[in-house]
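Colleague: Let the hints inform the model, and build the full structure from the sequences given.
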Amino acid sequence: MTVTWQTLADALSLGGIYALMAVGIGLVFGVLRLVNFAYGQLIMAGAYAIAYASVWGWPSWAGILLCFGVVLALSVLLDRLVFRPLRTHSPAVMLVATFAIAFLLQSIAVLSFGQLGTVASTLGPLNQPWDIGGVEIRKIAIVSIVIAAVCLALLQLLLTRTSVGLQMRAAAMDFRTARMLGVRANRVIGGAVLISGLLAAISAFMLTARNPQVTPIFALDDTIIVLAGVVLGGLNRPIPATLGGFTIGFASGILGGGLPTNQSQYLPTFLFGAVILVLLVRPNGLFARGGSEERL
Amino acid sequence: MRRVVELAAPVALVLATALLGLAVSTALQTYFLDTLVKVAIVVALYVFIGNSGVLSFGHISFVALGVWTAGVLTVPEGQKNAIMPGIAHFLLHTNVGNAWSLVLAAAVGLAFAFAVGLPLMRLSGLAAGIATFGVLEIVNNVLRYDDRIGPGLNAFSSVPETTGIWQAAIGALICVVVAYAYQRSRYGRQLRATREDPAAASAAGISIYRQRLLAFAVSGALAGLAGGLYVHLLPIEIDSLYLDLTFITLAMLVVGGSGSLLGAVVGALAVGGLDSFLSAAENGVDIFGWHLNLPTDTSALTVGALMALVLVYRPGGLTGGHELSLALPRFRKDGDG
Amino acid sequence: MTALALDGLRVRYGAVDAVRGLSLEVRPGEIVGLIGPNGAGKSSTLNAVMGSAPVVGGEIRLGGASLRGRRPEDVARAGIALVPEGRRIFAELSVEENLRLGLAARRTPGGIESVLDFFPVVAEFRHRPAGALSGGQQQQLAIARALVAEPDVLLLDEPSLGLAPRLVDVVFDALAAIRERGVAVLLVEQRAQRTVALADRTHVLSNGELRLTLGPEDADDTEKLVAAYFA
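Chains as they are written, first to last, in the numbering used here: chain C, 67 to 362; chain G, 35 to 371; chain A, 611 to 841.
Honestly, I wouldn't trust all of these hints.
[Said to hold, decoys possible] Simulated restraints, written as ranges between beta carbons of each label pair:
hint, chain 1, residue 1, chain 2, residue 2, range
1, A, ASP831, G, ASP231, 52 to 58 Å
2, A, SER744, C, GLY199, 33 to 39 Å
3, C, PHE336, G, VAL130, 32 to 38 Å
4, G, ALA145, C, LEU325, 27 to 33 Å
5, A, SER724, C, GLY190, 57 to 63 Å
6, C, VAL216, G, ASP320, 57 to 63 Å
7, A, ARG717, G, ARG244, 41 to 47 Å
8, C, PHE336, G, ASP278, 22 to 28 Å
9, A, PHE728, G, ASP231, 44 to 50 Å
10, G, VAL39, A, GLY679, 43 to 49 Å
11, G, ALA46, C, GLY324, 56 to 62 Å
12, G, TYR179, A, LEU771, 55 to 61 Å
13, A, GLY721, G, ARG244, 52 to 58 Å
14, G, VAL130, C, LEU260, 53 to 59 Å
[Claimed, not checked] Sample of chain A residues facing chain C (criterion: CB under 10 Å; computed from the structure):
hint, residue
15, GLY624
16, PRO664
17, VAL665
18, VAL666
19, ALA686
20, LEU692
21, ALA701
22, ASN708
23, ALA715
24, ARG716
25, PRO719
26, GLY720
[Stated by the list, open to error] Residues of chain C placed beyond 10 Å of chain A at every Cβ, according to the derived structure:
hint, residue
27, LEU138
28, ALA158
29, ASP197
30, GLY248
Source of the hints: derived by calculation from the structure; they are not laboratory data. Yeah, the Cβ is synthetic: ideal placement off N, Cα and C, and Gly gets one too.
Modeller: Structure follows, in C-alpha cells:
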C-alpha cells in the first residue's frame, strides 16, 4: 500500500467533509432523537443548485449562494412538515419517515433533472493542483480542510460559549428537564435543524467541487458511510460524532486511494461490521463516555 | 369461525389478484407477478416487524440471499461459466430443480437470519434499525463484488423462468399461511405481548430475545423463499435488491398497517397496484381513450409521498392494525371496569 | 394576594385519575407543604402546574392569569421554577453551565452570581462537572438552578429524598431563607413531620384528594400525623 501526499490530502479533506456531515446529523439527532436518512438528499439538492447555476452561466459565488438558499429552505420545510408532526413518535418511526423522505427527494430529482446528471463546471478550477514545495495537491483538498477546520472551531464556540449552544447540548441530554427550565423546544430544534442545514450546504459545495458530476444519487453513498461513522462515534455528542465522521472519511480516503480496488471495494463490509459490533458492545458509540441513561 | 375469516381475507385477496392476473395480457401479467412476489416479501417483513414492533432494514438481504441461492443453483450448467466467470468450482457443478431451489432459498434465508439474529436480537429501537441496515449493506457489498460466488454486478440471467401466476400465488399463499400460523401460535402471541408491554411480558416469564429470534428466523425463511420466487421470475441483478426494494416493501407494510397480516397484504397489493399502474404509465398507457404518459420515477415519488403522509397522519396504516373479523364488538356490562 | 392558585385541578393518565379536584393557594413569602403516601398525586400536581401532565379539569393560576394548557417552557418563563424529583441536574455539564441553563427562564437581565453566595458549596465547585458533586451538593445545585430564574413560585419535588439528616437540615434551612425573599414555595415531601413544622400550611393528599390541612402547631402531634396518613 502506497500513500502519496495527494492521497493524504484527499483523505484529510474527505475526513473534514464527513466530520461536518456527522455533526449535521448528530445535532439533529441530539435534540430530536431523529436519524436523518434524508441528509444526503439535502446535500444532493444543494449540489444541483450549484450545477444548475453553472449551466445558467451564473458566477460560482451566486451558485454557492443558491445552494445555501435551497438547502436551508428544504431543511426548514422538512422540520415543519415532517419532523415536528412526528416529534412525539418513536425514533424508529421517525427513521422510517426520513427513509421515505430520502426516496421522495431522490425521485423528485429524477423527475426534474433526469437520471444522467448535470455538471457543475464553475467549480472546475478548484480541482486544479497547487504546487506546494514540489508536491502537487488539488486546491479543493486544501480548501476543504481549511473550511472544515474553521467550521468545527466555530461550532465548538457556538456550543460551549453561547446560551443557545448550551441549551442545545442540554436538550440533547435531557429534553424534558431542559424545557422545565424554560428552554424553548422549538427554538432549540429550529436552531439545530438550521445549523445542520448550513453544514449540509457547505458539504454540498465541497463534495460538488470534488466531484462535479451531480446525479440524483449524489452524496448517497457518502451519507450512508457517515451514518456509520456517527453511530461509531456516538450519536448525541457533537465531538465524538465529529471524530467518528472524520475517522471514517480519513480511513476511506487512505484505503480507497492506497489499496487496490479488489480490496478497497469491501470497505462498506468492514465499516458496517464495525458498526454492528459497536452497537452490540456499546449502544452509545465508541468515543462517548458510558453511563448515559438514554439508550439508542 | 373468527380464525377462518381472519385467514380467509388475505388468502382471498391473493387468489383474486392471481385470477385477475390470469385474465390480462402477458405484458400486464408481469406486474401481477411482481406484485405477488412483493406480497410474499411484505408478509415476511410483517412476521418480524409487525409482531415484534422492532424495525428491520435487513430483510431485503435475506431476499437477496434467496435470489442468490435459487439463482446459482438453477442456472444451467452449460451457461454458468458465461454468466458467472469467476464462480467457485463446487457451485459450478451443483444444480437442483425448481422446487428444491425454492426450498433451499428458504432454508438459506432461515439459517442466515438465525445466525444474524443471534447477536442482533438483543437490540431494539434505533440500534436495531441501524444494525439491520448494516446487515443489508454487508450482504449487498459482498454479493455485488465477490464473483467467486455469483454473477457480481451482472444480472442472474438464464435462470428458468418458472414463476408464473400459479407459482407466484402459491408462494405468496405459503407466506400468508405460515405468517398466520405463527401469529396464532403460542410463540406469536408471546411476541405480540412483548410488543404491547415489554416489561409485563418479561415479568410473565417471556424471553423477549428468544421470541424475537424465532420470529426473525421465520421471517428470514419467508424472505428467502420470496427471493427464490423472484429470481425465477425475471433476470434480476443484485443492485435491485438493495435500498429501492427495502423502501418499497417498507412503504407497503407501513401504508397497509404493520400491525396486522391483513394490513401487510392490503398494503402490498394497494401500493403494488399503484406502483404498477404508474410504472406502466411512465411508458405510456391508454385508459378509456386517454393517453397517459408520465415522466420517469413518478411512481417512486407518489409512493414516497404516500408513505410519508401515512406515517405523519395515519400511523396505523390503511387497516389501522386490525384483522378482518366477524366478531361483534363486545358491549360492556353494567358495573364493568 | 395569591401567587399560585389551583382550583379543582384534575389530572388523569389514561384511565387513572391521579388528582381529583384539588384546590390550594400559595402566597408570596409562604411555604405550603404537600404530603401524603406514594401515589397520592403529589408529583402529578407539580407536573400539571408545569404543563407536563394531562390536566382534564380545573384551573391553574399564576397571579390571576391562567396557565392551563401552556407548554413547560412557557410556564417556566412565566415565573414558576421546578426542582424536579431526582434533581435532574446535567451531570456532564459543569456546575456553572447548569446554573446558566436556569437563566433561560429569567425575565430580567442578570447573571448567576446572586445564587452563588446563597449556596457557597455550589460556588466552590462551579467549574467541576455537576456529576462529580455529592448527592447533597447536587440537590443544592438543583435548587440554585431554579433560583437563578428568580421565580415568583418555587416548586420542589421531594428535595430531601436520599439525603443524610445533616444535609436535610441544609435544604430545609435554605427553603426558610428562600421564603424570606418573598418567593411562594410549594413543597412536596415525604418527611411529614419536618414539612409540617416548616410550612405555613401543609395539605395532606390521599388518592388524589385533599384530606386534611395541618399547621405548624400540629408538627409534634404524632397521632394527628399518623391519622392523616392512614385515614
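Colleague: Hint by hint, say whether it matches the structure.
Modeller: Each hint, compared with the structure:
1. In this structure the supplied range 52 to 58 Å is violated for ASP831 of chain A paired with ASP231 of chain G, their Cβ-Cβ distance being about 44 Å.
2. About 57 Å separates the C-beta atoms of SER744 of chain A and GLY199 of chain C, a value inconsistent with the hinted range of 33 to 39 Å.
3. Separated by about 33 Å at the C-beta atoms, PHE336 of chain C and VAL130 of chain G satisfy the suggested range of 32 to 38 Å.
4. Between ALA145 of chain G and LEU325 of chain C, the C-beta spacing of about 32 Å keeps the proposed range 27 to 33 Å intact.
5. Take SER724 of chain A and GLY190 of chain C: their Cβ atoms lie about 59 Å apart, and the range 57 to 63 Å holds.
6. With their beta carbons about 59 Å apart, VAL216 of chain C and ASP320 of chain G fall inside the hinted range of 57 to 63 Å.
7. As the Cβ distance of ARG717 of chain A to ARG244 of chain G is approximately 56 Å, the hint placing it in 41 to 47 Å is violated.
8. For PHE336 of chain C paired with ASP278 of chain G, a C-beta distance near 24 Å keeps the hint of 22 to 28 Å intact.
9. Checked against the hint of 44 to 50 Å, the pair PHE728 of chain A and ASP231 of chain G passes, with Cβ atoms roughly 45 Å apart.
10. Between VAL39 of chain G and GLY679 of chain A the CB atoms are about 44 Å apart, so this pair conforms to the stated range of 43 to 49 Å.
11. Here the CB-CB span from ALA46 of chain G to GLY324 of chain C is close to 59 Å, well matched to the stated 56 to 62 Å.
12. Distance hint for TYR179 of chain G and LEU771 of chain A: a CB-CB separation of about 59 Å, consistent with the stated range 55 to 61 Å.
13. About 56 Å separates the C-beta atoms of GLY721 of chain A and ARG244 of chain G, a value consistent with the hinted range of 52 to 58 Å.
14. At about 58 Å, the beta-carbon gap between VAL130 of chain G and LEU260 of chain C stays in the expected band of 53 to 59 Å.
15. The beta carbon of GLY624 of chain A is not positioned within 10 Å of any beta carbon in chain C (closest approach about 16 Å), and the interface hint is therefore violated.
16. Given the 10 Å rule on beta carbons, the hint for PRO664 of chain A is violated: about 13 Å separates it from the nearest Cβ of chain C.
17. Proximity of VAL665 of chain A to chain C is violated relative to the hint, the smallest CB-CB distance being about 16 Å (cut-off 10 Å).
18. Evaluation of the VAL666 of chain A hint against chain C yields a violated restraint, the C-beta minimum of about 19 Å exceeding 10 Å.
19. This hint holds: ALA686 of chain A has a C-beta 4 Å from the nearest C-beta of chain C, less than the 10 Å allowed.
20. About 5 Å separates the beta-carbon of LEU692 of chain A from the nearest beta-carbon of chain C, less than 10 Å, and the hint is met.
21. Annotation: ALA701 of chain A was flagged as interfacial toward chain C, and the flag holds, the nearest CB pair being 8 Å apart, inside 10 Å.
22. Checking ASN708 of chain A against chain C by beta carbon gives a least distance of about 8 Å; that is within 10 Å, so the hint holds.
23. Taking 10 Å as the C-beta contact cut-off toward chain C, the hint placing ALA715 of chain A at the interface holds, the least distance being around 3 Å.
24. Taking 10 Å as the C-beta cut-off, the interface hint given for ARG716 of chain A holds, the closest approach to chain C being about 8 Å.
25. A distance limit of 10 Å between C-beta atoms decides the matter here; for PRO719 of chain A the minimum to chain C is near 12 Å, and the interface restraint is violated.
26. Interface restraint check: GLY720 of chain A against chain C, minimum CB-CB distance 13 Å, threshold 10 Å, status violated.
27. Every C-beta of chain A lies more than 10 Å from that of LEU138 of chain C, the closest at about 25 Å, which supports listing it as non-interface.
28. Every beta carbon of chain A lies more than 10 Å from that of ALA158 of chain C, the smallest distance being close to 23 Å; the non-interface claim holds.
29. Taking the minimum C-beta to C-beta distance to chain A, about 47 Å, the non-interface status of ASP197 of chain C holds against the 10 Å cut.
30. A Cβ of chain A approaches the Cβ of GLY248 of chain C within 10 Å, the least distance being about 3 Å, so the stated non-interface status is violated.
Of the hints listed earlier, those the structure fails to meet are numbers 1, 2, 7, 15, 16, 17, 18, 25, 26, 30, in rising order.
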